[in-house]
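As they're listed, the protein sequences go chains W and V.
1 is the number of the first residue of the first sequence in the UniProt record's numbering; add one for each residue after it.
1 is the number of the first residue of the second sequence in the UniProt record's numbering; add one for each residue after it.
Some hints here could point you the wrong way.
Output of the computed footprint for chain W on chain V, the stretches with three or more beta carbons under 8 Å from beta carbons of chain W [as the list claims (entries may be wrong)]:
| id | stretch |
| --- | --- |
| 1 | 100-107 |
| 2 | 155-161 |
| 3 | 166-174 |
| 4 | 244-256 |
| 5 | 293-300 |
Ranges between beta-carbon positions, derived for each pair [stated by the list, open to error]:
| id | chain 1 | residue 1 | chain 2 | residue 2 | range |
| --- | --- | --- | --- | --- | --- |
| 6 | W | P139 | V | F149 | 36 to 42 Å |
| 7 | W | A63 | V | L152 | 22 to 28 Å |
| 8 | W | E194 | V | R140 | 54 to 60 Å |
| 9 | V | G215 | W | V150 | 40 to 46 Å |
| 10 | V | K36 | W | L72 | 43 to 49 Å |
| 11 | V | A210 | W | L322 | 53 to 59 Å |
| 12 | V | L47 | W | V321 | 50 to 56 Å |
| 13 | W | P139 | V | V43 | 30 to 36 Å |
| 14 | V | L26 | W | A63 | 57 to 63 Å |
| 15 | W | P178 | V | G138 | 57 to 63 Å |
| 16 | V | A27 | W | W173 | 42 to 48 Å |
| 17 | V | G81 | W | P279 | 56 to 62 Å |
| 18 | V | P262 | W | G277 | 37 to 43 Å |
Calculated from the structure, these hints are not laboratory results.
A virtual CB, placed ideally from N, CA and C, is assigned to each residue, including glycine.
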Amino acid sequence: MTVFLFRRLLSALAVLLALSILVYGLFYLMPGDPAELACGKRCDVSELAQVRHAMGLDRSIVAQFWTFISSLFVGHSYDTGVGTTWCSAPCLGFSFQSNEPVTQMLLDRLPVDLSLALGSAVLWLALGIGFGLFAALRPNGLRDRMTTLVAMTFSATPLFVLALLLLIVFCVWWQVLPFPTYVPLTQDPGQWFENLLLPWLAIALVTAGNYLRLTRAGVLESLGQDHIRTLRAYGYSERRVVLRHAVRGALPTLATMAAVDIGGVLAGAVFTESMFGLPGLGKLMVDSANNVDLPVVTGITLLAAFLIIAANAVADVLYAVLDPRVRLA
Amino acid sequence: MSTAIAAPTDAQAPSADEADKPPVLLARLWARPGGKAALVLVVLLVLAAILAPVLSGLEGQDPNTYHDELLNSATGGSPLGSFGGISSAHWLGVEPTTGRDVFSRLLYGARISLMVAAGATLGQLLLGLLVGLAAGLGNRWIDGLLSRFTDLALALPSLFFSIALLAVVPQTFPRPLLLCLILAGFGWASTARIVRAETLVLRERDYVAAARLYGASTWRVALREILPGLVAPVVTYTALALPGNMVAEAGLSFLGLGVQPPTPSWGQMLSSASTWFEVDPTYVLVPSLTLLLCVLTFTGLGEALRKAADPRSVTR
Numbered sequence: 001m002t003v004f005l006f007r008r009l010l011s012a013l014a015v016l017l018a019l020s021i022l023v024y025g026l027f028y029l030m031p032g033d034p035a036e037l038a039c040g041k042r043c044d045v046s047e048l049a050q051v052r053h054a055m056g057l058d059r060s061i062v063a064q065f066w067t068f069i070s071s072l073f074v075g076h077s078y079d080t081g082v083g084t085t086w087c088s089a090p091c092l093g094f095s096f097q098s099n100e101p102v103t104q105m106l107l108d109r110l111p112v113d114l115s116l117a118l119g120s121a122v123l124w125l126a127l128g129i130g131f132g133l134f135a136a137l138r139p140n141g142l143r144d145r146m147t148t149l150v151a152m153t154f155s156a157t158p159l160f161v162l163a164l165l166l167l168i169v170f171c172v173w174w175q176v177l178p179f180p181t182y183v184p185l186t187q188d189p190g191q192w193f194e195n196l197l198l199p200w201l202a203i204a205l206v207t208a209g210n211y212l213r214l215t216r217a218g219v220l221e222s223l224g225q226d227h228i229r230t231l232r233a234y235g236y237s238e239r240r241v242v243l244r245h246a247v248r249g250a251l252p253t254l255a256t257m258a259a260v261d262i263g264g265v266l267a268g269a270v271f272t273e274s275m276f277g278l279p280g281l282g283k284l285m286v287d288s289a290n291n292v293d294l295p296v297v298t299g300i301t302l303l304a305a306f307l308i309i310a311a312n313a314v315a316d317v318l319y320a321v322l323d324p325r326v327r328l329a
Numbered sequence: 001m002s003t004a005i006a007a008p009t010d011a012q013a014p015s016a017d018e019a020d021k022p023p024v025l026l027a028r029l030w031a032r033p034g035g036k037a038a039l040v041l042v043v044l045l046v047l048a049a050i051l052a053p054v055l056s057g058l059e060g061q062d063p064n065t066y067h068d069e070l071l072n073s074a075t076g077g078s079p080l081g082s083f084g085g086i087s088s089a090h091w092l093g094v095e096p097t098t099g100r101d102v103f104s105r106l107l108y109g110a111r112i113s114l115m116v117a118a119g120a121t122l123g124q125l126l127l128g129l130l131v132g133l134a135a136g137l138g139n140r141w142i143d144g145l146l147s148r149f150t151d152l153a154l155a156l157p158s159l160f161f162s163i164a165l166l167a168v169v170p171q172t173f174p175r176p177l178l179l180c181l182i183l184a185g186f187g188w189a190s191t192a193r194i195v196r197a198e199t200l201v202l203r204e205r206d207y208v209a210a211a212r213l214y215g216a217s218t219w220r221v222a223l224r225e226i227l228p229g230l231v232a233p234v235v236t237y238t239a240l241a242l243p244g245n246m247v248a249e250a251g252l253s254f255l256g257l258g259v260q261p262p263t264p265s266w267g268q269m270l271s272s273a274s275t276w277f278e279v280d281p282t283y284v285l286v287p288s289l290t291l292l293l294c295v296l297t298f299t300g301l302g303e304a305l306r307k308a309a310d311p312r313s314v315t316r
């Protein structure tokens, strides 16, 4: 197990390094001068040279990349011409737009995505596993086909379309929920819950379909196995056989998928946040992209890559813990 | 010995399974009730996009003319009349604040949507085939390198990279082409993985060994022996990838990073609709439901194709 963990960690680090080279390369070697973007429109030649020097753009690519990577771990001091600014440990530079340190901007947004990810995960797991079991109790029956059809329709629906439809139904026609605005959990838990209910529902409805299918398939597969036959021979009811024992066959796959999906939402639910106007990482990403705010865009992409790779690593480890057969491979 | 045997001019080696050929696949698809419906709908959609000028001509409108006289200035420019200003002149109403005709914008938007989705899917298919075949037929070293590269591409947070790229590439670069390139560039990896897996199975078949014995080059083996056998799985996968690309294009345009105004696109309509959903729900529902219908149709077609290509999966 230790060897497995170590190997998994090493490959995750390798992928992360490759990705950070890619991120850096993409954004700083692109057409268009980052210094010009940072400096703004009314910037004369000498000011531009000054900014270029401050950003380190007059040095070689390798040196620039080294600064980029090392400042993530030890910080970096910026020479602004009038003095130096210290950017501490996980340094991702400063925003072109607001001059705030990018790391702080990302940390400020993270609670929104954390709320989104946890709430929607609870909802999609409940919906997916619940209806998956419901469908698996009588496979190929009418209710199995109906639930599968409905779930597939929701899975195929684009998130922003579903979000708009939910807004029209719940906020305009029925007027049962407020138009979502983010209220921190620490400020007012009731408001937090009420405002996030629609975004959670939107993410959960689109995601739950996969969980339904996996639960159904996993249960049906393990129903064919010997230990289930034994339980049936003991005279246990079908309900108990399915709900207590056959479910276990689906667990490893469900847990790994949940880890990956939660990582995905945590990295920024771009469409959900844009649609509902929630100030999370996804919204920041879109806004910064529209303003060509390179340091913020780079920072979020790197954080997203990190979160997604970490989620994948967690998923693999979870799978190995839950299904001992994998460890031997 | 090695040079004595020339490659056969007319391929005597039996090629891939007869059942996997496209006409048979199409016939089987047509025989399925769901397949028939999906196929008809897809043909209608494509026709509607191609005939966009003719159909808007029938309506007597075009996508870019402003109709201020149809707007209510008191509400900030919502359409006059009920249901978003639907009338005999404007079949699906008019756009808030501009009064442009929704029906013709929807049709012209379908062109962008279908073109980008088709282009991206084609690009993703070609790249995936190239990398997958090379990995499947190449030696251990090439396979290892290409497979790691594929893994890396699959690990990318592709949405974030797409957004970042769209932000960085200058606006002078044609956006529909850029969207195709980006979507293909981030989508090829899963195709490559499927192609590689199938190639590894096919290359062990007797007819491939026979072709090799005849002295056929790797290129010839790839094109004449392996490729026909890949048609069924690849076509199926492609049909399922297309609606995904369609949603991705609409999504990126929705975020304001895809196709730029005044070119009509569904994503853009949705994005401007999202500020009007309280006053003018019709304007939201029309592009949403159209996009939804398109995506469900293409997904349905993909599912039907999958079942037609693999009849065993149907008889459960």
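**Asked** Quick one: are A63 of chain W and L152 of chain V within 22 to 28 Å, going by C-beta?
**Response** holds, 25 Å
**Asked** Does the hinted range 57 to 63 Å hold for P178 of chain W and G138 of chain V at CB?
**Response** Holds: the Cβ-Cβ distance is about 58 Å, inside 57 to 63 Å.
**Asked** In terms of beta carbon proximity below 8 Å, does the stretch 293-300 of chain V have 3 or more residues touching chain W?
**Response** Since three or more residues must qualify, the claim that chain W covers the stretch 293-300 of chain V holds, with 3 doing so at under 8 Å.
**Asked** Honestly, do L26 of chain V and A63 of chain W meet the 57 to 63 Å range at C-beta?
**Response** Holds - the Cβ-Cβ distance for L26 of chain V and A63 of chain W, about 58 Å, lies within 57 to 63 Å.
**Prompt:** Taking a Cβ-to-Cβ distance below 8 Å as contact, does the stretch 155-161 of chain V have at least three residues touching chain W?
**Reply:** holds (count 6)
**Asked** Given a hinted range of 54 to 60 Å, is it respected by the beta-carbon distance of E194 of chain W and R140 of chain V?
**Response** holds, 58 Å
**Asked** Okay, P262 of chain V versus G277 of chain W on CB: inside 37 to 43 Å?
**Response** violated, 26 Å
**Asked** Does the Cβ pair G215 of chain V, V150 of chain W satisfy 40 to 46 Å?
**Response** Violated, since G215 of chain V and V150 of chain W (Cβ atoms, about 56 Å apart) do not stay within the stated range.
**Prompt:** Is it true that the C-beta distance of G81 of chain V to P279 of chain W lies inside 56 to 62 Å, as the hint says?
**Reply:** violated, 37 Å
**Item:** Satisfaction of the hinted span 36 to 42 Å by the C-beta atoms belonging to P139 of chain W and F149 of chain V
**Value:** holds, 40 Å
**Prompt:** Checking C-beta pairs, does the stretch 244-256 of chain V have three or more residues closer than 8 Å to chain W?
**Reply:** holds (count 6)
**Prompt:** For the pair P139 of chain W and V43 of chain V, does the Cβ-Cβ distance stay inside 30 to 36 Å?
**Reply:** Given about 35 Å between the Cβ atoms, the range holds.
Checked against the numbered hints above, the structure breaks hints 1, 9, 10, 11, 17 and 18 and satisfies the rest.
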